[in-house]
Amino acid sequence: MDALDDVFLQLPHKQYNTGWVLSQVGKAHFELVDYLEAERAFSNARLASPYSLEGMDIYSTVLYHLMRLSNLAQELISTDRLAPQSWCAMGNCFSMQKDHETALKNFQRAVQLNSRFAYAHTLCGHEYVASEDFENGIKKLPKRPSSRWKTL
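Just so you know, full-length UniProt numbering puts 3 at position 3 of the sequence shown, and the rest follows in order with no gaps.
Since the hints were made in silico from the structure, they are not lab data. Since the structure is predicted, the reported quantities are computational estimates derived from the model, not experimental observations. Glycine residues also receive a C-beta, built at the ideal position from the N, C-alpha and C atoms. Careful, some of the hints might be misleading.
Ranges of calculated distance between the beta carbons of each label pair, as one might list FRET restraints [said to hold, decoys possible]: (1) S115 to Q10: 55 to 63 Å; (2) A48 to T79: 28 to 36 Å; (3) T102 to K139: 18 to 26 Å; (4) L72 to K105: 17 to 25 Å; (5) S60 to F8: 21 to 29 Å; (6) H13 to S115: 51 to 59 Å; (7) P12 to K98: 42 to 50 Å; (8) D6 to R81: 43 to 51 Å.
Starting from the given sequences, assemble the full structure and let the hints guide the process.
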């Protein structure tokens, strides 16, 4: 990466610190499997150009590899074990790992904490569908037909 760093660092400071250039730096680090540096570059790109989508598909893959979702879920559980949002984040973490049974338990915990938290019901529905329990999945999805199908 030294040669590539040299090329990028030859740019004027103002040009180097643009979202586009920082995204290219992030992509280069990603290709070299240097996820920490890639995350840093993409994070700076987001600060420089918060509305740009350049490289965000790669950035999401970087965060997946760094298991940031798991970290976020753990932080939320540590912050407030009684918040349904915390359990939804934890459930999403397990869902990404294709552990549908554990994900469903976490989403059900969110529903137990707040039965009116519609998003937790929706996530339960998705998890039932992912584990091919379509009957329970349909029951958990929003009641309005148009909303039900939008969530799938």
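So, going through the hints one by one against the coordinates:
no.	hint	in the structure
1	S115 to Q10: 55 to 63 Å	59 Å, holds
2	A48 to T79: 28 to 36 Å	29 Å, holds
3	T102 to K139: 18 to 26 Å	20 Å, holds
4	L72 to K105: 17 to 25 Å	19 Å, holds
5	S60 to F8: 21 to 29 Å	22 Å, holds
6	H13 to S115: 51 to 59 Å	54 Å, holds
7	P12 to K98: 42 to 50 Å	47 Å, holds
8	D6 to R81: 43 to 51 Å	49 Å, holds
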